[in-house]
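Novice: Taken in sequence, the protein lines are chains A and B. Residues -1 to 428 (the working numbering) are what the first sequence spells out, left to right. Residues -1 to 428 (the working numbering) are what the second sequence spells out, left to right.
I should point out that these hints are in silico values taken from the structure, not numbers from a laboratory. Take every hint as true, because none was put in to throw you off.
Here are the simulated BS3-like cross-link-like pairs (lysine-lysine), alpha carbons at most 30 Å apart as the crow flies:
id	chain 1	residue 1	chain 2	residue 2
1	A	LYS425	B	LYS229
2	B	LYS423	A	LYS307
3	B	LYS377	B	LYS400
4	A	LYS229	B	LYS362
Chain A is faced by these chain B residues, among others (derived, beta-carbon under 7 Å):
id	residue
5	TYR313
6	VAL352
7	TYR356
8	LYS360
9	LYS362
10	ALA363
11	PHE365
It should be emphasised that the depicted structure is a prediction, and the values quoted were computed from it without experimental measurement. Just so it is clear, CB atoms sit at the ideal spot from N, CA and C, and this is done for glycine as well.
For reference, the chains in residue letters:
Number of protein chains: 2
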Amino acid sequence: MEGVTKARAMKAIILAAGFGTRMGKNIPKPLIRVAGREMIYRTMKILSDYVDEFIVVVGKNGEKIDSFLKDKGFNYKIIRNPTPERGNGYSFYLTKDVSGDKFILVMGDHVYEEEFIKRAVEGEGLIVDREPAYVDLEESTKVRCRNGRVEDIGKKLKEFDCVDTGFFILSKDIYKHAESLVREKEVVELSEIVKKAKIPVTEVSGYFWMDVDTVEDLKKARKFIVRNSIKGAGDGYVAKYLNRRISLRLSELLVDHFTPNQMTFVSFLSGILSSLILFFSVPLAGIVYQISSIIDGCDGEIARASLRKSRIGEYTDSMLDRYVDFIFLVTLAYVSNLSIYFWIVLAFAIFGSVMISYSTEKYKAAFFESAYSAIPSLKYLIGKRDERIFAMMIFCLAGLVKPLIILLAIWTNIRVVATLLIIYKHKLGS
Amino acid sequence: MEGVTKARAMKAIILAAGFGTRMGKNIPKPLIRVAGREMIYRTMKILSDYVDEFIVVVGKNGEKIDSFLKDKGFNYKIIRNPTPERGNGYSFYLTKDVSGDKFILVMGDHVYEEEFIKRAVEGEGLIVDREPAYVDLEESTKVRCRNGRVEDIGKKLKEFDCVDTGFFILSKDIYKHAESLVREKEVVELSEIVKKAKIPVTEVSGYFWMDVDTVEDLKKARKFIVRNSIKGAGDGYVAKYLNRRISLRLSELLVDHFTPNQMTFVSFLSGILSSLILFFSVPLAGIVYQISSIIDGCDGEIARASLRKSRIGEYTDSMLDRYVDFIFLVTLAYVSNLSIYFWIVLAFAIFGSVMISYSTEKYKAAFFESAYSAIPSLKYLIGKRDERIFAMMIFCLAGLVKPLIILLAIWTNIRVVATLLIIYKHKLGS
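My request is simple: use the sequences and hints to build the entire structure.
Specialist: Below, the structure written as structure tokens:
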């Protein structure tokens, strides 16, 4: 998301006065971690592309939120609600002098996927979901609409059209409704203000968002976020149908405990370990190599799920993968007592393996776009790392080292030439 | 220059009614090729970043210019001057109804370097040069200024401050002066209009531009353009102090006759040839390999000099270089009857050689900027292709194949690790 210009930068108000008592945790609910990141951080991080200032309304113990946000790089202002028991409508009312004309209002204890927010910020009024796939309908706030506006809203509504996502695009007018309610009543809920103001509704359906209330909610959210992390990863067939099924489960277990860099390191170590095992058992080494290939998926998954994706992380991972692959091949050849002729073939296999990566990365460096997204037919070329390692495991298990080396020498170099031909066809043929 | 937004797009008038008679060529002067490209094409191509429409004034035989421009992708309009003998002032006068309020006026038979034009389009009035380094003062149009405006102008001026570059940024007002002169006189030169209008002058000194009149001028322009083509190429020490001195001379000879792609192919063939020669003579092969490394500079030089730089060309060149280097190393090892242990070392040399390229290209793919320009200290790491090949030639001449392979295995891999460390220091240390 870097480099996106904030075309219509607004302020965003975040209501963060709640506590996570239902989860048995005595910390502010927005600070509960979902897939390695605090809920409020997730929302603010994704919103940063559209927002120039955050206004965070906190209740008692709000210092915890303030001190959490301090070094996170957001431009934010804290507003303290001394009486959070007066309801979230009252919390919202306290922002009336700082909100600006048009602004975002969002709950600090909800999680939203990036695609949801991307669409929601284009909307007006209350963002609703007609087909909420991830929330418990029983617990959710329902909305009945008329003529594109809120007619009624509440948890106990019997007839309703859609569900309140906790995300709003509002204009300053709404404060006058808030003010009259605040004068009338002690406890004011946001839904009362929304109903009174009959604000417009905008439908953004089918994306992931959740009001995280229970430990089960937390698990459900973590699972979705981790699984969503591989979208557009450009996997080979083995990654898609085998490796990811395992690595995603691993990442779910690990996302709250390990950083992406730690996972890169573990994957690198397991790769090197597989080479060492070659000295004792080629089949076992093949299996460990394949396991390292599975683990290799976790760093990226955890990085994306916990919003810790970094270019230097991606760079490091690629470099280490090249070294692991090279060391494995050389060691395999060494322990197999190959003749000179097989070392020539091995040279082609080593060269071809690196060139597969080089040919696509050089494409990206030259054209500033991913070769796989620019030229989708490249995706069908078999020979990505996950596929090569899986094939290597099979051949190692079968004890077919020489055929493996011949196969790799031919396969990798044919794939490079095929990549070049497809790129030329794409660039020059059109 | 791709992707530059035309912030203040103007029209550009190009006076192209002249003939190249002094060069003994019976073609319109703007169509004379300088360093592989017609002069008018050069100016229009460089101006395309700033101009949305060209107005080309042609004289007799103007169809040649029209039919030349037809398939070049410029948005242009032809204005015919039926009486070019009335002078270039009259040619200019004919554009009065189509020029727009503010516009560029430029001579079709001058060549300008990109940097000159980049600065000139920011100026106002007549662009002058106080230190013209490339033109014959005798032949040039001199300018005397007063209070930042043209006071007098002409070839025979005795006292003058600067020289007319043939490049103007004008506003519509100038046509009234043109009109009164056209009514008074039969022959009107542009300089008369400029003098009468007392237009402002803007100094853009020290860049390359030339009024190409003679065959000597043509050679001088070609030489400058070819030599200027290696600016910012990120050469290693051998390229800088040896290869470029030869390749630039070669490119000067070849730029009018060969395309960059043809040169890429010749360089690839000479690289493969060097590998074949290994079967007969290692020292000779080393020399041919070094020659192929010199020739490898020509495609880029010719591409940039003749404004034919293409990303796919750059991509192809990189891929072929990797194959040439790999084939040479494998063949060298093969003909040298190395033991298994040297083949292991060779594997490291092959891997390290590709990884040098991979580590910098992957950087560019990940960070969308050249590693060398983002992290200047990387430039001092010895081990670029030109340096490796030169060292290989020396070792081949000395018959030291085994030490060479050991050297390459260590050198290339140390360089890769050093590259990574420098990148980390740059990215994480700051």
